[in-house]
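Undergrad: Sequence:
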Amino acid sequence: TFLAVPESELARFCEVYGRYSTPFWMNTRPETVTEKSVKALVAVGLDRVSVGVECGNEDYRRRHLNRHHSNAVIEQAFDILHAQGIATTANIMIGLPDETPELIRESMALVRKIKPTSVGLAVFQPYKGTRLYQYALEKGYVDAAKWVRSTCYTPNMKNPFLTDNELMDALYSFSETTGKS
11 TFLAVPESEL
21 ARFCEVYGRY
31 STPFWMNTRP
41 ETVTEKSVKA
51 LVAVGLDRVS
61 VGVECGNEDY
71 RRRHLNRHHS
81 NAVIEQAFDI
91 LHAQGIATTA
101 NIMIGLPDET
111 PELIRESMAL
121 VRKIKPTSVG
131 LAVFQPYKGT
141 RLYQYALEKG
151 YVDAAKWVRS
161 TCYTPNMKNP
171 FLTDNELMDA
181 LYSFSETTGK
191 S
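For the sequence shown, my numbering assigns the number 11 to the initial residue and increments by one for each residue that follows.
Hints are computed from structural coordinates only; laboratory data are not their basis.
Heads up, the beta-carbon is just placed ideally off N, CA and C, and yes, glycines get one too.
The calculated lysine to any residue pairs, modelled on SDA-like cross-linking and capped at a C-alpha distance of 25 Å, are: (1) Lys125 to Asn81; (2) Lys123 to Leu113; (3) Lys168 to Pro111; (4) Lys149 to Met178; (5) Lys138 to Phe171; (6) Lys46 to Gly95; (7) Lys125 to Met36; (8) Lys123 to Ser183; (9) Lys149 to Thr110; (10) Lys49 to Pro16; (11) Lys125 to Ala50; (12) Lys123 to Thr44; (13) Lys125 to Ala93; (14) Lys138 to Tyr70; (15) Lys46 to Val15; (16) Lys46 to Asp57; (17) Lys49 to Thr38; (18) Lys125 to Gln86; (19) Lys168 to Leu181; (20) Lys149 to Asn175; (21) Lys138 to Arg77; (22) Lys138 to Thr38; (23) Lys46 to Ala82; (24) Lys125 to Leu181; (25) Lys46 to His79; (26) Lys149 to Glu176; (27) Lys123 to Ala97; (28) Lys49 to Tyr27; (29) Lys168 to Ser185; (30) Lys123 to Asp57; (31) Lys46 to Arg58; (32) Lys46 to Thr32; (33) Lys49 to Arg39; (34) Lys168 to Arg115; (35) Lys46 to His92.
FRET-style restraints, in silico, Cβ to Cβ: (36) Gln144 to Tyr182: 27 to 35 Å; (37) Arg141 to Glu176: 24 to 32 Å; (38) Gly139 to Thr44: 28 to 36 Å.
Input sequences plus hints: build the corresponding full structure.
TA: Following this line, the structure appears as structure tokens:
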């Protein structure tokens with residue numbers, strides 16, 4: 011995440027990058043967004059930020075994604091970015107292990123609330139070696155012998171709460187429901 015650096019490193023980046031007058035964008039996590047850092051980066055060309063929102067349910071984020079910030083922190087991050095005129099992308103995953111239709115609706119509701127310029131939406135992929143892959147494997151959602159590489163737009167594991175068709179319907183209707191794509 012771009013903003014997870016000491017303030018002195020960010021100041022040095024702004025000092026050096028400011029010489030070039032070239033617009034840029036960055037990825038970051040919501041809990042790293044501050045008004046001071048965003049203002050400094052806007053002054054040297056920041057024009058878009060992609061924020062890892064991931065999921066609209068605080069409990070799910072905490073338990074499964076190791077993200078311990080609240081939805082209020084996400085809302086505050088987007089408020090700061092919007093106040094500076096920055097284009098924003100909310101990165102969201104659907105089809106997470108044990109995700110239900112209600113959890114997807116919570117993600118949609120959060121996206122409507124934070125009003126990003128766009129949404130980076132992907133179907134969760136259980137990457138080998140990650141904690142969530144191991145969880146999905148233990149729950150029987152992934153067959154290690156049949157695991158295949160796939161894109162971020164196709165389901166690659168079983169979910170007891172969503173069929174592949176329901177997941178794909180959610181993927182395609184997300185932009186309709188949130189007004190974003």
